[in-house]
Amino acid sequence: GAVVSQHPSWVICKSGTSVKIECRSLDFQATTMFWYRQFPKQSLMLMATSNEGSKATYEQGVEKDKFLINHASLTLSTLTVTSAHPEDSSFYICSARATGRGSTGELFFGEGSRLTVL
Amino acid sequence: QQQVKQSPQSLIVQKGGISIINCAYENTAFDYFPWYQQFPGKGPALLIAIRPDVSEKKEGRFTISFNKSAKQFSLHIMDSQPGDSATYFCAARPDRAGNTPLVFGKGTRLSVIA
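In order, the protein sequences belong to chains A and B.
Residues in the first sequence are numbered consecutively from 1, following the numbering used here.
Residues in the second sequence are numbered consecutively from 1, following the numbering used here.
Simulated from the structure, these hints should not be mistaken for lab results.
Be aware that a few hints might be false.
From the structure, some residues in chain B lie toward chain A, with a derived Cβ separation under 7 Å [as the list claims (entries may be wrong)]:
1. K42
2. G43
3. P44
4. N99
5. P101
6. F104
7. K106
8. G107
With a straight-line Cα cutoff of 20 Å, these simulated SDA-like cross-link-like pairs (lysine to any residue) come out [to be verified]:
9. B:K5 to A:P40
10. A:K64 to A:Q38
11. A:K41 to B:R109
Cβ atoms here follow ideal geometry from the backbone N, Cα and C, with glycine treated the same way.
Input sequences plus hints: build the corresponding full structure.
The following block contains the structure:
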């Protein structure tokens with residue numbers, strides 16, 4: 001099946017630094033990618049919808065200046081957590097939907113990136 | 001209207017038994033209902049999905065039952081195995097091929113004991 005790759009899978013950083021997480025669709029094109037945040041034992045919380053070539057659409061309560069999303073190509077979206085603080089520590093997961101002729105439109109998830117801010 | 005209510009929150013089933021997880025929704029515009037399986041430290045993986053034009057879909061040991069009039073759908077795992085122990089999320093979306101995001105249930109932690 002389709003593969004969505006996230007990198008890094010885990011990262012530890014100091015408070016105040018910025019961290020970039022990459023989400024790649026490896027064998028399909030994705031005009032739309034979604035970024036989720038998941039706290040332990042909780043469901044996925046949608047942060048933003050990333051659209052190739054245009055600005056991301058953020059969910060209510062998500063700070064767009066803190067969580068910068070860039071979707072520069074049909075196979076890559078990045079999430080940058082700026083000036084990270086311990087409360088930003090979480091599991092970040094991206095997902096992508098296959099588009100184009102012959103695609104099923106199914107949504108595929110990355111393996112997630114665990115961020116720990118010290 | 002955008003919520004998907006999932007129950008139970010946790011479930012313990014003996015090996016070989018049937019695991020049943022239920023979800024209910026309000027938004028009649030939902031047109032696509034997938035189930036995801038998530039292991040600790042991993043991203044969710046699509047397990048099985050259904051559209052409301054059918055009442056049941058079966059793939060191996062996994063079956064979705066769909067009741068459009070009641071706005072409910074459920075996942076049945078037959079012959080449950082310890083390897084099925086994971087968190088299961090139901091979800092819904094108005095348009096399978098569209099760009100609207102999925103609405104997720106809160107998840108069910110399944111433990112299959114030998």
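Starting from the hint list further up, note which numbers the structure goes against and sort them upward. none
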